[in-house]
Amino acid sequence: MKDLSLKKRVFKERLFRGGVFFLASLVVVPLALLLGYIVKKGIGVINWDFLFSMPAGVGESGGGIVHSLAGTVMLIVIAVILSVPVAVATALFINDHPKNRISRMIRFTVDMLQGIPSIIMGIVVYLWVVLPMKNFSSLAGGVALGIMMLPIVIKSTEETLKMVPESLKEASMALGAPYYKTVLHVILPAGLSGILTGVLLGVSRIAGETAPLLFTAFGNPFLNTDIFKPVDALPLLIYNYSTSPYPEWHSLAWGASFILVAFVLILNLITRLVVKKWQIKY
Amino acid sequence: MADKVLSVRGLNAYYGMKRAVENVNVDFVKNKITAIMGPSGCGKTTFLRCLNRIHEVNTEARARIEGDIFLNGENIAKMHPILVRRRIGMVFQKPNPFPHMTIYDNVIAGYKLNGIKKKKHEFDTIVEQALTKTALWGEVKDSLYDRGTFLSGGQQQRLCIARALAMNPDVILLDEPTSALDPIATAKIEELLNELKENVTIIIVTHNMAQAGRISDYTAFFYLGELLEYGTTEKLFTNPENEKTENFLTGRFG
Numbered sequence: 042m043k044d045l046s047l048k049k050r051v052f053k054e055r056l057f058r059g060g061v062f063f064l065a066s067l068v069v070v071p072l073a074l075l076l077g078y079i080v081k082k083g084i085g086v087i088n089w090d091f092l093f094s095m096p097a098g099v100g101e102s103g104g105g106i107v108h109s110l111a112g113t114v115m116l117i118v119i120a121v122i123l124s125v126p127v128a129v130a131t132a133l134f135i136n137d138h139p140k141n142r143i144s145r146m147i148r149f150t151v152d153m154l155q156g157i158p159s160i161i162m163g164i165v166v167y168l169w170v171v172l173p174m175k176n177f178s179s180l181a182g183g184v185a186l187g188i189m190m191l192p193i194v195i196k197s198t199e200e201t202l203k204m205v206p207e208s209l210k211e212a213s214m215a216l217g218a219p220y221y222k223t224v225l226h227v228i229l230p231a232g233l234s235g236i237l238t239g240v241l242l243g244v245s246r247i248a249g250e251t252a253p254l255l256f257t258a259f260g261n262p263f264l265n266t267d268i269f270k271p272v273d274a275l276p277l278l279i280y281n282y283s284t285s286p287y288p289e290w291h292s293l294a295w296g297a298s299f300i301l302v303a304f305v306l307i308l309n310l311i312t313r314l315v316v317k318k319w320q321i322k323y
Numbered sequence: 191m192a193d194k195v196l197s198v199r200g201l202n203a204y205y206g207m208k209r210a211v212e213n214v215n216v217d218f219v220k221n222k223i224t225a226i227m228g229p230s231g232c233g234k235t236t237f238l239r240c241l242n243r244i245h246e247v248n249t250e251a252r253a254r255i256e257g258d259i260f261l262n263g264e265n266i267a268k269m270h271p272i273l274v275r276r277r278i279g280m281v282f283q284k285p286n287p288f289p290h291m292t293i294y295d296n297v298i299a300g301y302k303l304n305g306i307k308k309k310k311h312e313f314d315t316i317v318e319q320a321l322t323k324t325a326l327w328g329e330v331k332d333s334l335y336d337r338g339t340f341l342s343g344g345q346q347q348r349l350c351i352a353r354a355l356a357m358n359p360d361v362i363l364l365d366e367p368t369s370a371l372d373p374i375a376t377a378k379i380e381e382l383l384n385e386l387k388e389n390v391t392i393i394i395v396t397h398n399m400a401q402a403g404r405i406s407d408y409t410a411f412f413y414l415g416e417l418l419e420y421g422t423t424e425k426l427f428t429n430p431e432n433e434k435t436e437n438f439l440t441g442r443f444g
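Respectively, the protein sequence lines represent chains A and B.
With the working numbering applied, the first sequence corresponds to residues 42 to 323, in that order.
With the working numbering applied, the second sequence corresponds to residues 191 to 444, in that order.
Bound-form chain A, shown alone:
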């Protein structure tokens, strides 16, 4: 009798452990399949021409996606320039005044912002930027992406600033340093690795966003470097090419997907390196 219940318990234990392991390893499956498929379909397209030349005419083989690579880089740069200063300042404020009513409001807003569907962001920026300027533009796209990455950078910067010990701030103040010098020369350098991590994560998050760009950057089959003109981006190109009827374009879309995924993966790896190498121990 006793023996039987023990066996039962051992069996249950095994079943449970096995179940946990099985479900946990299930996570890897979609990612592995996705990566495998993209690599299989995409890597054959990648060559010098693909990366550095303009698209060929409809129905012709070959051609590249340099215009949308350049566009994506431009959009990311604009988004970073616009959002990082705002995000860092916001994080500084809410970290300095944790209990303040305005801080609470900001924190709530940031949480909300994180949950807003990206297509809505696109429409809002369309109303704010595209309509008044009467033009789709990479600036508008950058604004939309910038707003998308704000909550990520704010959150990670705030977490980093929380880790910077109060004693460092006081050491600086006790030397007579004004607040802005304390921030610029003590607090931010001490938290640099965390802030950079946030920026990189934010960039990898927005690099693949399509919806906010539909109404803002719009897409452009030509190479454009003017921030007041529409610009193409990798996700837009993938969207347009994969819905087109031309097989050549389909394979280009696979190639672009490969580049985009590789970019995001590399960015994540760099983030890990930054955390490892630059983190300051207090």
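No lab work stands behind these hints, which were simulated from the structure alone.
One thing to keep in mind: the hints can contain errors.
Said to hold, decoys possible - Listed below are the simulated DSS-like cross-link pairs for lysine-lysine, each with C-alpha atoms no more than 27 Å apart in a straight line:
1) 284/B <-> 317/A
2) 308/B <-> 222/A
3) 302/B <-> 387/B
4) 222/A <-> 284/B
5) 203/A <-> 387/B
6) 284/B <-> 318/A
7) 175/A <-> 196/A
8) 208/B <-> 222/A
9) 387/B <-> 222/A
10) 302/B <-> 318/A
11) 222/A <-> 309/B
12) 140/A <-> 208/B
13) 222/A <-> 268/B
Given chain A, put chain B in place with the hints provided.
Just chain B now, kept in the frame of chain A:
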């Protein structure tokens, strides 16, 4: 009494509605070491932090003060806090060198953070002097450009003292500077303070009675936010006037 550097009149310090320091009147004597003693939570540290106006930085806790503090006759409430803090240096309980700066940069951090520009050779002299005064020069002169956080705890604390000294302050406030250090490092710092008092007035908060007895010339005894007794260390330790002081010194509470 001899020359007064710092005079405190009717000082009250608050966190919100809670009064942490009550009606303190005291004169600190030039080029002497004054120890501030008392049981935990008696307002010693708060009092010390009023002296360089760093108490009021804590707006989150609604910190504020009442009363007057005079530095060489000048009311510090009317001076810009930045100037007050340049003339009254501070060393904290836990060594806190700037982790992203080299030893060299840590020493001249006061100049860098205040945007005071000097020539390279002038900074070299300041660094060497400050580190020599804190008996650190011999130990670190070959690693001036390494991060300050690679030093041992005692060395870090001496680096922090050097950082405060480099600004040539009139007064240095130390908030239990040896409580995180081992006995040998503590002894070194005590020895150091004794030498430093030739040029600077030292006010040190300490939990350690023996330390106060060893190094201080004057002692102030705080209890529940009030200054109960103040006098030469010799007098206070051998013949205290207040019963509470005596009880504290004989270890009946604290």
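Going down the list of hints, with the structure as the test:
1. 284/B <-> 317/A: holds (26 Å)
2. 308/B <-> 222/A: holds (18 Å)
3. 302/B <-> 387/B: Measuring from Cα to Cα gives roughly 26 Å; hence the hint holds.
4. 222/A <-> 284/B: With a Cα-Cα distance of about 22 Å, the restraint between residue 222/A and residue 284/B holds, given a limit of 27 Å.
5. 203/A <-> 387/B: violated (37 Å)
6. 284/B <-> 318/A: It holds: about 25 Å lies between the C-alpha atoms, which stays within 27 Å.
7. 175/A <-> 196/A: Violated: residue 175/A and residue 196/A sit about 34 Å apart, past 27 Å.
8. 208/B <-> 222/A: violated (32 Å)
9. 387/B <-> 222/A: Not satisfied, since the Cα-Cα distance of roughly 30 Å exceeds 27 Å.
10. 302/B <-> 318/A: Status holds; Cα separation ~26 Å.
11. 222/A <-> 309/B: holds (20 Å)
12. 140/A <-> 208/B: holds (18 Å)
13. 222/A <-> 268/B: This hinted pair holds, its Cα atoms lying about 22 Å apart.
Hint compliance for this structure: hints 5, 7, 8, 9 are broken, all remaining hints hold.
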